[in-house]
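Novice: Sequence:
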Amino acid sequence: MSDTVPTQTSAAPSSLPGEPASLESAPGSADRGHGHSGSKTALAVGAIGIVFGDIGTSPLYAFRETFSPQNSFQIAIDRMHVLGVVSLIFWSMLLVVAIQYVTILMRADNKGQGGSLALVALLSRHIGKSSYGWLVVLLGVFATALFYGDSMITPAISVLSAVEGLTVVNHRLDPLVIPIALVLLVALFLLQKRGTAKVGALFAPVMIVYFFTIAGLGINQIWQNPDILWALNPYYAAMFFITDGTIAFLALGAVVLAVTGSEALYSDMGHFGRGPMRLSWFGFVMPCLLLNYFGQGAMIAGLPADQAAEVVRNPFFLLASEEWRLPLVILATMATFIASQAVISGAFSITHQAMQLGFIPRLSIRHTSETEAGQIYIPVVNWALMVAVIVLVLTFQTSSSLAAAYGIAVTGAVTIDTLLMGVLFIGVWKWKWWYALPVVVLFLIVDGAYFAANLVKIPDGGWFPLVVGVVAFTLLTTWAKGRTLMRDRMSEIALPIEIFAKSAKNSATRVPGTAIFMASQTAGVPSALLHNIKHNKVLHERVVILTVLIDDTPYVDEHERCEMVDLGDGFYRAVLHYGFMQETNVPEGLKQMQRCGGEFDMMDTSFFLSRQTLLPSEKPGMPIWREKIFAWMLRNAATAMDFFRLPTNRVVELGSQVEI
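To convert, count from 1 in the sequence shown and add 4; that's our numbering.
Keep in mind that the hints were calculated from the coordinates and are not lab data. None of the values given here were measured: they were computed from a predicted structure. Take these hints with a grain of salt, some might be off.
[Unchecked claim] Below, computed lysine-lysine pairings styled on BS3-like, alpha-carbon distance capped at 30 Å:
no.: 1; residue 1: Lys-436; residue 2: Lys-485
no.: 2; residue 1: Lys-506; residue 2: Lys-632
no.: 3; residue 1: Lys-506; residue 2: Lys-538
no.: 4; residue 1: Lys-485; residue 2: Lys-632
Build out the structure end to end from the sequences listed, making use of the hints.
Specialist: Here it is in structure tokens:
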């Protein structure tokens, strides 16, 4: 069991003095978060390279898939329908991305951090004890689970759609598409363990060139057919629904591909801050994307029906003249490579957050940068994603087939965020319900329509992200539930430390040095301490019972890191506080804790860890199949020694048995 305790999921708040105060979500706090250095413009440029790759590469396939002949519905390729589709894309981008996420949800920062888990931590701090607090947590966890499905599909569909541009250059290159895509994807995952600090410097220039290029291609077509600008009028989106009804509704399942990546914008807010990301979006990225979508529509609308039907199969690359198509394919491939990198890094980050908040067991984490704490590499996540992506490419074969699986994960997460947004309005921002209700209902209608339209894709591939989401949700909730049961069981049998200290001082030989016993609770005697005195019959001169608490804020300042209580007779109870975005480096934290009878000399300090083994219980706290899953996760969790960065030659591990 992890020795970290997320305070927002604890059965009761810590009663120890000095608990870090909760930070209210406030306008501007995202721009005061950790790690934001440099001018607003410089940060905005950096965000273009890191954050907007996913949504930025959507023009490769979003418009195309709306008119795809593989759809269960067929949209006539004429002026009215092209204007209707482009109008839907414009208003979807405006409502979902620009207003819901960039304008509203980016105000809901947790000490500068965004994303479903950060939002849940923020909400739990305010409504955690309410009757619906548990539901908020479950919704956030399911949104996180869906993200794993998204992080598998995004690299596959993005790279495939770019490499498929080769068939526009020369149709005889079609047999090479899958092998080239697989080579690129495998190389992408192999690159992860080296980190992205060096190649990351190239991300922003490449993406800026990419966005300028797609905007220029769009402007060229709009100049030739300015009639497409009528799509700015929502009348044409409305007429699409009035004229076609069911077909227009089903088309939403493809139109939503234009806003994939919107949830990632919110999740990545902590890297650059709210202000720079808004500057990047409204000042550069959104105009470039819209110009390209309008350009694709202008090109199709200006062609005869037979030519339009052929061009719409891959309009993005046909925006360029023949001699520029191969360079465009290369540029688009580089952009999708960068977009995939951002999604994989996001999977590492969300896994680290979930681990710290108590939803995932300890996993081996490697830090790939000495200067950037957020650059991490989690091997098991990396290889799991790589296998899933390879299977997806080999199974679905084309980006069009993958598009059916793509939308449901994104729309599911967006719909959940809308529900959480309603809780945010009333529970945190204290809006009156008659203000909050119309806003939430509007976005629920929009996001719910997209989600419902994608449900019809379940037989065609939409089942995949749902299966991934259900499996991930089961694992996350099973670990959280089992961990709570185990913690409660150990609390029941724990001996008060005050009683133990008085009875043990004269019953065991005291030896020189310091013994630190890692404990998951801030009360009671850890089992490792009981086993040590039972079997070895010795106590060190200084005995420190240390608990690492993960708070429901992303960062804890150094002056709030440490707590200590002197229990007398050489016994101390100590607590180290960390945020859910911070690395739990115990030796580094102990350097700041000099009140436990003096400084800690690592060469004179031994760390004692408890390792629990589950036993069958006559009255199990959860179904047997979940207990077996929890036991499997417990056996395969990374050791606390690695997780807490403990010196390898100073660790003693003692086992114990627990029934849950």
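Novice: Could you run down the list of hints and mark each one as holding or not?
Specialist: Now for the hints, and whether the structure bears them out:
{"no.": "1", "hint": "Lys-436 / Lys-485", "result": "violated (34 Å)"}
{"no.": "2", "hint": "Lys-506 / Lys-632", "result": "violated (39 Å)"}
{"no.": "3", "hint": "Lys-506 / Lys-538", "result": "holds (16 Å)"}
{"no.": "4", "hint": "Lys-485 / Lys-632", "result": "holds (13 Å)"}
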